[in-house]
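Assemble the whole structure, with the sequences as input and the hints as a guide.
2 protein chains.
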Amino acid sequence: MIQRPRGTRDFGPEEMEIRRFFEDMMRQEAVLHGFREVSTPIFEHTELFTLKSGPGVVEEIYAFQDKGGREICLRPELTASVVRFFLNDLTTFPRPLKMFYFGQCFRYERPQAGRYREFFQFGSEIIGNPTPETDAEVIGLAAAIVERTGLRDYRIRIGHIGILRELLSRTGVEGDEALPILQKLDKKMYTEAEDLMTQAGIAPEVMTEIVETTKITGPISVLDSFEGPARDYIKEVCDILLAMGFSNVSVDLGVVRGLAYYTGMVFEVDAPKLGAEKQICGGGSYSLAELFGGEKVFSTGFAIGFDRTLLALQTEGAALPQERLTAFVVPVNDMMRGHAFKLVSELRRAGISADIDLMRRNVGKNLKFAAAVKAKYAIIVGEKELESASVTLRDLSSGEQSLVSMVDIVAKLK
Amino acid sequence: MIQRPRGTRDFGPEEMEIRRFFEDMMRQEAVLHGFREVSTPIFEHTELFTLKSGPGVVEEIYAFQDKGGREICLRPELTASVVRFFLNDLTTFPRPLKMFYFGQCFRYERPQAGRYREFFQFGSEIIGNPTPETDAEVIGLAAAIVERTGLRDYRIRIGHIGILRELLSRTGVEGDEALPILQKLDKKMYTEAEDLMTQAGIAPEVMTEIVETTKITGPISVLDSFEGPARDYIKEVCDILLAMGFSNVSVDLGVVRGLAYYTGMVFEVDAPKLGAEKQICGGGSYSLAELFGGEKVFSTGFAIGFDRTLLALQTEGAALPQERLTAFVVPVNDMMRGHAFKLVSELRRAGISADIDLMRRNVGKNLKFAAAVKAKYAIIVGEKELESASVTLRDLSSGEQSLVSMVDIVAKLK
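From first to last, the protein sequence lines stand for chains A and B. Position 341 (the first sequence) corresponds to 341 in my numbering; numbering is contiguous. Position 171 (the second sequence) corresponds to 1171 in my numbering; numbering is contiguous.
I should point out that these hints are in silico values taken from the structure, not numbers from a laboratory. Quick reminder that beta carbons are idealized off the backbone N, C-alpha and C, glycines included. Keep in mind that a hint or two might mislead.
[As the list claims (entries may be wrong)] Sample of chain B residues at the chain A side, in silico, Cβ under 10 Å:
| hint | residue |
| --- | --- |
| 1 | P1094 |
| 2 | L1242 |
| 3 | E1323 |
Given below as structure tokens:
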């Protein structure tokens, strides 16, 4: 039998109801914040991602040649696509441009627990000005979305890539030379980071200061011992978040996000209950457009791992939505079939979810089926009842039955 | 500058609001009809589609090898995937299984007006029993969806592949021999069909009868001259549709849908205003599961071309939804920034869409921006007004301004 491709998933009705519920919730929250949805293709020119993340990224993505010989790939993330879309078509829009997206992304790696080859991301980007307000607005949307899902145990940790860059720059290490060091620090690979710093000629005591800095976490006051524009900036971001009522925010200078295009503020949201793979959201301010051949623009964005967020909610035992069919219509015999179809159609037109026997089963089997698909009511269309323009309404939880006039049935079920 | 891949589209905010509106509408209608959503991966093993449509299909799809040497492809449609999902995981679910889906599909062909390499389909499948009720239920959902979109000019044409098969079978032409003839008749390529029928030894007068049969269209009464199970079946389907209140239904024996797995009823929905590419929906009853190595099950389904349906609505000048931001909050100076962020957050928490100055612009520029993004109101947060716990509310259509107390602002904007 043909199977689904390795590392992918099918989603059945129960899962899809949950997934659409949270997808809609995230979308609604973004719209409340003045963000608007955009959508880009599932596949892109591979170059888009090699320009962003280096040629090595090809190893980790679904890259292939199309029949025209073009190098294309399934998108591994959406920020690059949104920035490309901006450059192609949206540069004349009033700024700031506040956009969000939801969709599939793909990575080619060994499938493992909780990591799929096809996965889903919800994210947002603001293209505008480098202000703390912009960064706070982006973090605020991420926080509002996580809050609205009902997740109880989560942490927002904010850092600033500029603080470590300032420390490194004082030793003369800047730009491309600083990047591999930052990448190791991001991954908490201290020995490797120290080796690189030694090679770069950084003195041991400065090295210690740099490593210790990445371990600084806590309330905003942990920044008091620092000076400089990065510290002032991050403090402003936090003040705005406090004004917006988000108190679950801490500083973590170990959030580095080791990619060259991050320019300043960086942040992550964790759900500690998820253990080692606890990050559910990551973002920061970045500068990508000029890599793609466009103007240099300031952007801030984030992506939420949709699958991992749902996993975190399940781990907390959150109450997940379940949709239920309102009415299942059962004709008692073939003669009643036309009447039953007329009724089911009237219910649907009135906005009541309704289903009907399609299998020509008897009443007993139909009632069993209605219970199996968790319908709330069965409506039995019988000859005698129809003479008085009535049907039998049966509550499938309590088993109670009553005769209800056809003219009242919609009101009764609404 | 990097461009989107050829034949694909990006969708900006206005387009996405329209698309999500109709996507949600279709989803809601399906749920009202007791269908439940399923979702399958963007890519599948290529074999799934060569088994369904023959090896030639590889020429028309995005097929490639993944790094593990597997033949995979971007799905060209979703019925095969849904049937595969059913066989993999859903065979123990109570039947009939009523499923719907919405998602991207892909084809590799020369891009042309209205035909994209990435396109969107909404569709449904019922896996159950071969009853006219099942077929009517599927057509009924398609009709209800098209009706609900507001499309005025559309036609549902129902045929039955069995009527032509019966005529051919009387001449001894059956199964694989009949298929190429049916395919030519489906495409109205009468000369080619006649050549094939001549080769198969069919007498000229029977040939004429067969060709004339494919031209029979009109109300259900056009079937009166026929006999046999196919004719009785299609009449029952139409009677149920009438009971459900769908009167925009006609018989068209030229609807053949020339693929081997169609077994009986076939139907199409046209929007005549679209001209040559007028079909917006197609479906029928089919038997696919056994081709994929599973049990033989009876299924009926349809797919709606989402893009073409939207095009048809546009062609009719239908009123398309437009979302508008309710409030844009403007602090008069830097001191008011914190208060403004507090207010914008309160509005959002109350379910009012609200945005705020992120660019540190002056009041005049902010009011211009608020008008440019079509906000309904601007809320100006000023020092003097704040002393009396008030803000200035400005209606951006009329230009009217009033002083509103902070405690009343949510109720005022709800």
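For each hint, the structure was consulted:
no. : hint  : in the structure
1   : P1094 : holds, 4 Å
2   : L1242 : holds, 9 Å
3   : E1323 : holds, 7 Å
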